[in-house]
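Trainee: Spelled out, the chains give:
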Amino acid sequence: MKDNIVNISRRNFVKGFALSGFVLAVGLPGLSAAADEPQYGRNAMPHGWVDNPLVFVSIAPDGTVTIVAHRSEMGQGVRTSLPMVVADEMEADWSRVKVEQAWGDEERFGNQDTDGSRSVRHFFMPMRNVGAAMRMMLETAAAALWAVPAAEVKAQNHEVIHQPSGRRVGYGELAESAAELPVPDRDNFTYKPASEFRYIGKTGNKNIDGEAIATGTTEYGMDVRLDNMVYAVVAHPPAYGETLKSYDDTETLKVPGVIKTLTLPSSPPPAMFNPLGGVVVVAENTWAAIQGRQKLKIEWNTGPNSDYESEAFREQMKQAANQQGGKVLRSQGDAYKALDNAAATLSADYYIPHLAQAPMEPPVATAHFKGDSCDVWAPTQAPQASRDTVAKWLELKPEQVMIHVTLLGGGFGRKSKPDFLVEAALTSRALDGRPVKLVWTREDDIQHSYYHTVSFEHLEAAFDEHGKSLAWLHRTVAPSIVSTFDASTIHQQAFEFGMGVVNVPFAVPNIQLENPAAEAHTRIGWFRSVSNIPHAFAVQSFIAEMAHQQQRDHKTVLLELIGPDREIDPRTLQDEWNYGESPELYPLNTGRLRRVIEQVTDKANWGKQLPAGQGQGLAAHYSFVTYVAAVVEVAVNADGEVSIPQIDIAVDCGPQVNPERIRSQIEGACIMGVSLAMLGEISFKDGIAVQNNFDGYQVTRMDGAPAKINVHLMPSDDYDQPLGGVGEPGMPPIAPALCNAIFAATQKRIRNLPVRYQLEEA
Amino acid sequence: MKITINEQVHQIDVPDEMPILWALRDVLGMTGTKFGCGKSLCGACTVMMDGQPIRSCVTPVKQAENKNLTTIEAVSRQPAGRAIQAAWLDNNVPQCGYCQSGQIVSATALLNSNSRPTDDDINNAMSGNICRCGTYTRIRDAIKQAAKNLEAGHEG
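As you go down the protein sequences, you meet chains A and C in turn.
All letters in the first sequence, in the order written, are residues 1 to 762 by our numbering.
All letters in the second sequence, in the order written, are residues 1 to 156 by our numbering.
A few of these clues could be false.
Capping the alpha-carbon separation at 16 Å, the derived lysine to aspartate or glutamate pairs in EDC-like fashion look like this [to be verified]: (1) A:Lys295 x A:Glu251; (2) C:Lys62 x C:Glu73; (3) A:Lys708 x C:Asp119; (4) C:Lys62 x C:Asp13; (5) C:Lys39 x C:Asp50; (6) A:Lys397 x A:Asp375; (7) A:Lys206 x C:Asp119; (8) A:Lys154 x A:Asp93; (9) A:Lys397 x A:Asp105; (10) C:Lys39 x A:Asp695; (11) A:Lys202 x A:Asp93; (12) A:Lys468 x A:Asp553; (13) C:Lys144 x C:Asp119; (14) A:Lys708 x C:Asp141; (15) A:Lys708 x C:Asp120.
Hints are computed from structural coordinates only; laboratory data are not their basis.
Keep in mind the model is a prediction, meaning the values are calculated, not measured.
Put together the whole structure using the sequences plus the hints.
Mentor: Below, the structure is given as structure tokens:
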């Protein structure tokens, strides 16, 4: 069934499969597309978009402009970037703007699912509309005040000026009368020309929350405090699918501060966003709850995943990846025949383990159940899914649940899944409505994530006698995210293949892409840049291996594979997803891919002479409709320790709304990419994640970070061009570029992530 | 027991072994200091005890008796703290910001003890503080900028 759904989105899972049983039609203001006309981009997202200025902007008599941020802030800067668009278009002075976070209500605000690198890409235009409408209403109000023609007045930096007379009136004075006016028709909007932008595309913008963060005065989900609130932690079943058999809380109840224990129900598969079940310890403070949990004596029933073991599963995947067959994703020419008859061939296997998002703020939610309603404060990437899921579990209507979206102490996909909000809501209900803050410890976070999948990628290439590529074969094996929503799923889905398996623009005559089956044995979920991680790692490592085998320059081979500049309709690559974007508006543009490769190799001085033990590695990857290429430089010492003097990374994300936050996102993606490549691994034994804190699950620290990251943004000042994503596309090229650099430095090829101690063994 | 936080004496009635972190956050409502790992592995909970950076998530509150604690809420009372905060804003260091209280306290303690930290000094002082968003290169730049500003006699 799901194969037929184009534009599959993270929210569609909830709306489509869990709660409604069908994909909701999206009601859009002012749009009258035929019912069978495919919808793309923001039009295809659940609840679409809203651009009513009265929903997003209010103006106080003192002139303070309050702009609503309806997407969740998790470090990507969306609370700055989107309100800034409104402010710019309405000629508001940013220093007099306040930003208020929207609660979870997509009918009011439009889609709020903060994932898929979509926020600015989808809401740049709606937010310009909001600003344009508000500016026009202020101008109309001023013209009425002075009884002059509207054409004689102009809004400018927080006031409206009557141009012939030079009279001025501030936004605060106009607020009341402007709000009474009808919202102008979208057809009549006028937009500021880009040359008059004050904030959009400018480099000096400061993060709206920066000062509060630097002084420790922000409120994250972890910081919410309510009167009469208690604290709770949950003892979850150790392996996914296990359930509570019995427990003894005698010693727990002796811990000073512990109030009581209670149980949460487990749910049968699929996992959805349902709580895992287990025993809740309620206490007067978090520490007492944690102490009490340690004293619980619990017996669990084993489940279907209790023998999940990473080493054995890897062997299983390896076998599948090395056998012809599985779901055929794309077949062009006859790759098998070409491989049989080639002058030379190459074959390699790549393995990428499970990963945990591990945002610095672990999952946490504070709930206050009030009988016929419930308030939940939480750092959620999915406010509406949170509302719907909590409502379902409390048997309330969604409108009886209020989701207060706090700042997120990181998300990376983990906080798209509201299981922890449900736990808090059920606990508050079980406590007869006492407010409760339910905290996940780091151990809970790392052992009960919705993990990044585990992948085995098999690649083969065939060459003619001149070293030119004749065939490309890629078999990708990995449990699908969709298994979390439909337990029978054993194949990856269109949106996973569309992350760098099918949508490779290679000018090779014979191409075969296959997907053997793989079952999931834990909860699989989104992790920043998702399936692009394994696919880019394998594909971009393999191209470097091809170049090495043919004794050719990697960049030359990469550009040759990409072929001449052209725009490829993704549907011709059997990519039915295209990140949910229109294939006409967002074709795969190989010229843009070539240019980021040329830019980054130029800036990094590709091919420069380096001392022994040092090397450069290249990788390029198209994801979230953005083009990225990276050159990583490494130094490997005699003990096999890797340091990274610098990373150069070129990004073409189309028009840039907030270049400073784009740079910070790309820098962060480089470091998270280094982290997963060097250190990242979750492995399972007896169904349980072996790692449980930052000692076992290591992440990159200051001493392992690149010394320098040079972000090269491709210039683009035409704001009518479609925007690309920013939060995720920096990640995928980093691991392969790093491992290609390690090869250049050491002649040791890393095909299994993480790198960790592999260079010491040599 | 009595503990002194940011030059203010607090009387709290908690078990001796309760970590300072939870006394601050849950008992006193001072939520600027963050919970990240509970095992002294990530540094989000860093505060100063008599000027030394410590991990409050594993330090029993009893150990803070007769000592002076400084948290993120009061680092601006120190010249190095002000310089660090100013450099943080100037470099737009934070992304999600959750780890930054700990980063700023660690960086302030570093500059208090070493006015001209080298890259190695910064690695040694700051590698206990994890940032998942990946702000390390900007943290490094900001620490150097703050050091330079302090040396030049201003705080940013």
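Trainee: Kindly indicate which numbered hints from before are broken by the structure, ordering the numbers from low to high.
Mentor: Numbers 2, 5, 7, in rising order.
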